[in-house]
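Fit chain X with the ligand to the supplied structure of chain G, relying on the hints for placement.
Chain order of the listed sequences is G and X.
The first sequence begins at 1 in full-length UniProt numbering and counts up one residue at a time.
The second sequence begins at 1 in full-length UniProt numbering and counts up one residue at a time.
Derived by calculation from the structure, the hints in this document are not laboratory data.
Treat the hints loosely; a few may be bogus.
Quick list of in silico lysine-lysine cross-link-like pairs, DSSO-like style, CA-CA up to 30 angstroms [stated by the list, open to error]:
(1) G/K144 - X/K81
(2) X/K94 - X/K71
(3) G/K144 - G/K244
(4) G/K147 - G/K60
(5) X/K56 - G/K145
(6) X/K135 - G/K147
(7) G/K80 - G/K95
(8) G/K244 - G/K234
(9) G/K80 - X/K81
(10) G/K145 - G/K244
(11) G/K145 - G/K11
(12) G/K80 - G/K60
(13) X/K29 - G/K144
(14) G/K80 - G/K147
(15) G/K144 - X/K135
(16) X/K135 - X/K94
(17) X/K71 - G/K143
(18) G/K143 - G/K244
(19) G/K145 - X/K81
(20) X/K94 - G/K147
(21) G/K145 - X/K135
(22) G/K223 - X/K56
(23) G/K145 - G/K60
(24) X/K81 - G/K147
(25) X/K94 - X/K32
(26) X/K81 - G/K221
(27) X/K81 - X/K135
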Amino acid sequence: MSVEPFNRLVKLAARAFYDDITTKGDNQPKNGRSDNRGIAVVVLDALTRRQWVREEDLAKDLKLHSKQLRRTLRFFEEEKLVTRDHRRETAKGAKIFSAAVAATVDGHTKEGDEKIKMHTHSYCCLDYAQIYDVVRYRLHRMKKKLKDELEDKNTVQEYICPSPTCNRRYTALDALRLYSMVDEYFHCEMCNTELVADSDKFVAQEGGDGDDNARRRRREKIKDMLQKMEVQLKPLMDQLARVKDLAVPEFGTLLAWELRASAAARAANGDANGNDPSKSSQNGYGGPPMPFFGETKVEVAFSGTEGQEDKKSEVDHTSLKVLPPWMIKQGMNLTKEQRGGEVKQEAKMDGGVSTTETSEDKKSITENDDKKNLQDEYVKAYYAALLEKQKELEAATKQEELSNAQMLDGEASTSSSRQVGMKSKRVEDEGEEDVEWEEAAPVAAGNANEPYKVDLNVEADATADNEEDDDDDVDWEEG
Amino acid sequence: MFFHIVLERNIQLHPRHFGRSLRDNIVSKLMKDVEGTCSGRHGFVVAITGIEEIGKGLIRDGTGFVTFPVKYQCVVFRPFKGEILEAVVSMVNKMGFFAEAGPVQIFVSNHLIPDDMEFQSGDMPNYTTSDGSVKIQKDSEVRLKIIGTRVDATEIFCIGTIKDDFLGVINDPSAT
Ligand SMILES: [Zn+2]
Numbered sequence: 001m002s003v004e005p006f007n008r009l010v011k012l013a014a015r016a017f018y019d020d021i022t023t024k025g026d027n028q029p030k031n032g033r034s035d036n037r038g039i040a041v042v043v044l045d046a047l048t049r050r051q052w053v054r055e056e057d058l059a060k061d062l063k064l065h066s067k068q069l070r071r072t073l074r075f076f077e078e079e080k081l082v083t084r085d086h087r088r089e090t091a092k093g094a095k096i097f098s099a100a101v102a103a104t105v106d107g108h109t110k111e112g113d114e115k116i117k118m119h120t121h122s123y124c125c126l127d128y129a130q131i132y133d134v135v136r137y138r139l140h141r142m143k144k145k146l147k148d149e150l151e152d153k154n155t156v157q158e159y160i161c162p163s164p165t166c167n168r169r170y171t172a173l174d175a176l177r178l179y180s181m182v183d184e185y186f187h188c189e190m191c192n193t194e195l196v197a198d199s200d201k202f203v204a205q206e207g208g209d210g211d212d213n214a215r216r217r218r219r220e221k222i223k224d225m226l227q228k229m230e231v232q233l234k235p236l237m238d239q240l241a242r243v244k245d246l247a248v249p250e251f252g253t254l255l256a257w258e259l260r261a262s263a264a265a266r267a268a269n270g271d272a273n274g275n276d277p278s279k280s281s282q283n284g285y286g287g288p289p290m291p292f293f294g295e296t297k298v299e300v301a302f303s304g305t306e307g308q309e310d311k312k313s314e315v316d317h318t319s320l321k322v323l324p325p326w327m328i329k330q331g332m333n334l335t336k337e338q339r340g341g342e343v344k345q346e347a348k349m350d351g352g353v354s355t356t357e358t359s360e361d362k363k364s365i366t367e368n369d370d371k372k373n374l375q376d377e378y379v380k381a382y383y384a385a386l387l388e389k390q391k392e393l394e395a396a397t398k399q400e401e402l403s404n405a406q407m408l409d410g411e412a413s414t415s416s417s418r419q420v421g422m423k424s425k426r427v428e429d430e431g432e433e434d435v436e437w438e439e440a441a442p443v444a445a446g447n448a449n450e451p452y453k454v455d456l457n458v459e460a461d462a463t464a465d466n467e468e469d470d471d472d473d474v475d476w477e478e479g
Numbered sequence: 001m002f003f004h005i006v007l008e009r010n011i012q013l014h015p016r017h018f019g020r021s022l023r024d025n026i027v028s029k030l031m032k033d034v035e036g037t038c039s040g041r042h043g044f045v046v047a048i049t050g051i052e053e054i055g056k057g058l059i060r061d062g063t064g065f066v067t068f069p070v071k072y073q074c075v076v077f078r079p080f081k082g083e084i085l086e087a088v089v090s091m092v093n094k095m096g097f098f099a100e101a102g103p104v105q106i107f108v109s110n111h112l113i114p115d116d117m118e119f120q121s122g123d124m125p126n127y128t129t130s131d132g133s134v135k136i137q138k139d140s141e142v143r144l145k146i147i148g149t150r151v152d153a154t155e156i157f158c159i160g161t162i163k164d165d166f167l168g169v170i171n172d173p174s175a176t
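Isolated chain X, as found in the complex:
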């Protein structure tokens, strides 16, 4: 799920970045530091959408670096148990398959793949129905439901299922 929230962070800046474009430098440093990172609490920071406030800088003893407390608005992506996501299959093996929804990695184990889909090994491993009409392989797009998340301080990993109504392949690259 996406959220638009306000976060806070201290940005350390070398004195050479001071001057007229100090604010711009703080913002670009913030973007570099924050965008694309993941915190267990808030999820993945997708993009910074605005700066709420830049506080007074504090000079660090001995280094000359200055720390600015910055409040910023950003869009974060946080997967939840029970959430339905659309993802691109990144890897298929006999244990199941991995898929990616933006920055999130999801593993679907083979017992959560519909029973009528069989694993086919080969240079393009895939799961295929007996009549061959549905195939899951690398780069397939699937709709899946998250049934579990592992949230670490800097990482979120999900496991999902496609064994439910309206889940499964939504776009097969080999069909087109």
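So that you can see chain G by itself, here it is in the shape it has in the complex:
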């Protein structure tokens, strides 16, 4: 990412729009001395060579009075070209910034550091993303304004009473009142003469009227302006087009930028050298004083593209897509690759699976996939767990049916209870993932009834009975 095209954009925009901006109030005499036109361009240019900068430092660098600079910057803030930040800070806070700035610009902002005590400091920085939009919007508005005027767009039609004794004027906003039901035209409110559209009048008297000449001259002027604009602003528009698809340099807020800059400085120079002006001043004035552009890199990673090794490793096995285990159903005709290589389907096919088997499988997966990264493993494990859960749910329903059947028999309750016991143990092994199953177990047990003691229904009945008894007692006492 380069800031250079954007800086060029800023410089072009500065010269195009802010060349003759003066920040002096209108009441002040504009003699040669106080005329500060061109300051705006100088300040913007200076900002293109910096990132976040303390405004006092900038004033010092530009040999400007800080008040004058502040006025200019406030103007640019309103123009949305510059972001500013103000904060009260101690000498220490200022030092942090100085450390950051020392690494980006050059060391000479250091002097006078120690004297600073809890002052409000202002910082400023170009907002490139916004500048891009602001310049485009400005161009659009300029063109639109001229074009609209040229095409008479957005102008309110005026109507005039042709009667020489009346000559009243109306606008289209009066249309509702002027409209006459008799002939569907507009009529003068005073003399009821049919009104004439003002521009019609001009057309009718073409050549003679002075007003008409003025109007025509105005149109010529607008046309001329439009043409000049196209020519003179061409470099700016070209630069906008060039910048269009580039990543916009982004410095973030002052705080974020400081942290990043000082961290980078420390990384580059070693901790002690981070504050050393002599080191960083090696950059000199000529070199690009922004060594931290690497830090602001914005990476947009699209999944599935190259470099996404975790995804790729799976896909690389084969051109065939690996089906996730939860998509694989019994009876599907799949290649080994489609099953994702080592994801064991046999277990699934069996239907009646034991937990030990699957946990072993899980282990084998992790062993096989050792070289793949953690995320991959996690995904696999998750699918395996899902698969297991699916199977267990199946098993659960099967066993429920089974126990129901046994309950009908009425005899085999002991065997069913043992089954239930086994199941619940397994549930404990599985942990939280099988909550649903766990809930299902007691229900099944409840259906199986006799031997399983955690039977809510039975207990509920019992308490209900007790309550009835109590009620009886009360009745009896009262009686």
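Just chain X with the ligand now, with coordinates in the frame of chain G:
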């Protein structure tokens, strides 16, 4: 543009409306009084959506009428300059055409109709392009941009243009 806002109004009620259904009577009187009206400040009141608060009634000297201050939520429609609206043409003449967007009347003067559309008089006056492909007549639906509003205390009138990108006829009744 539509807004959902809270407005206040004093409702005067005859004593015969008092009783158990007092509140209902106040609300229905409010709806009758307010819905469909236009104030220059807030625009057209489209519908009352809820009652925030009904204050204590105040008996008017001599009449027996009682005034209740009512705070109510309502949807209002207020046209703005620069707003794009879709409207139905209500009348066409050589000066331009009138259109209605709900309660708002909009006038589009002929110089704000694209230059390639010519006025055709007759019993169905219309503006038509030279190839006849686009026609604006009564009941046509047009998309227009408001370029001016006249806001009186009780009335809002707009003038619009269809001389811009994406404006103009959006549904021609004669074509179907
Ligand atoms: Zn007149």
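Comparing the hints with the structure gives:
1. G/K144 - X/K81: Within the cut-off at roughly 16 angstroms; holds.
2. X/K94 - X/K71: violated (46 angstroms)
3. G/K144 - G/K244: Given pair G/K144, G/K244 holds - Cα atoms ~21 angstroms apart, limit 30 angstroms.
4. G/K147 - G/K60: With Cα atoms ~45 angstroms apart, G/K147 and G/K60 exceed 30 angstroms; violated.
5. X/K56 - G/K145: Measuring from Cα to Cα gives roughly 55 angstroms; hence the hint is violated.
6. X/K135 - G/K147: Holds, at about 26 angstroms.
7. G/K80 - G/K95: holds (28 angstroms)
8. G/K244 - G/K234: holds (15 angstroms)
9. G/K80 - X/K81: holds (25 angstroms)
10. G/K145 - G/K244: holds (24 angstroms)
11. G/K145 - G/K11: Measuring from Cα to Cα gives roughly 25 angstroms; hence the hint holds.
12. G/K80 - G/K60: With Cα atoms ~24 angstroms apart, G/K80 and G/K60 stay inside 30 angstroms; holds.
13. X/K29 - G/K144: Roughly 49 angstroms between the alpha carbons, so the hint for X/K29 and G/K144 is violated.
14. G/K80 - G/K147: With Cα atoms ~25 angstroms apart, G/K80 and G/K147 stay inside 30 angstroms; holds.
15. G/K144 - X/K135: With Cα atoms ~27 angstroms apart, G/K144 and X/K135 stay inside 30 angstroms; holds.
16. X/K135 - X/K94: Holds, at about 14 angstroms.
17. X/K71 - G/K143: violated (47 angstroms)
18. G/K143 - G/K244: holds (19 angstroms)
19. G/K145 - X/K81: Measuring from Cα to Cα gives roughly 16 angstroms; hence the hint holds.
20. X/K94 - G/K147: Holds - the C-alpha atoms of G/K147 and X/K94 are around 26 angstroms apart, at most 30 angstroms.
21. G/K145 - X/K135: holds (29 angstroms)
22. G/K223 - X/K56: Roughly 66 angstroms between the alpha carbons, so the hint for G/K223 and X/K56 is violated.
23. G/K145 - G/K60: Outside the cut-off at roughly 41 angstroms; violated.
24. X/K81 - G/K147: Judged against 30 angstroms, a Cα distance of about 19 angstroms means the pair holds.
25. X/K94 - X/K32: Distance ~38 angstroms between X/K94 and X/K32 Cα, so the pair is violated.
26. X/K81 - G/K221: holds (27 angstroms)
27. X/K81 - X/K135: holds (26 angstroms)
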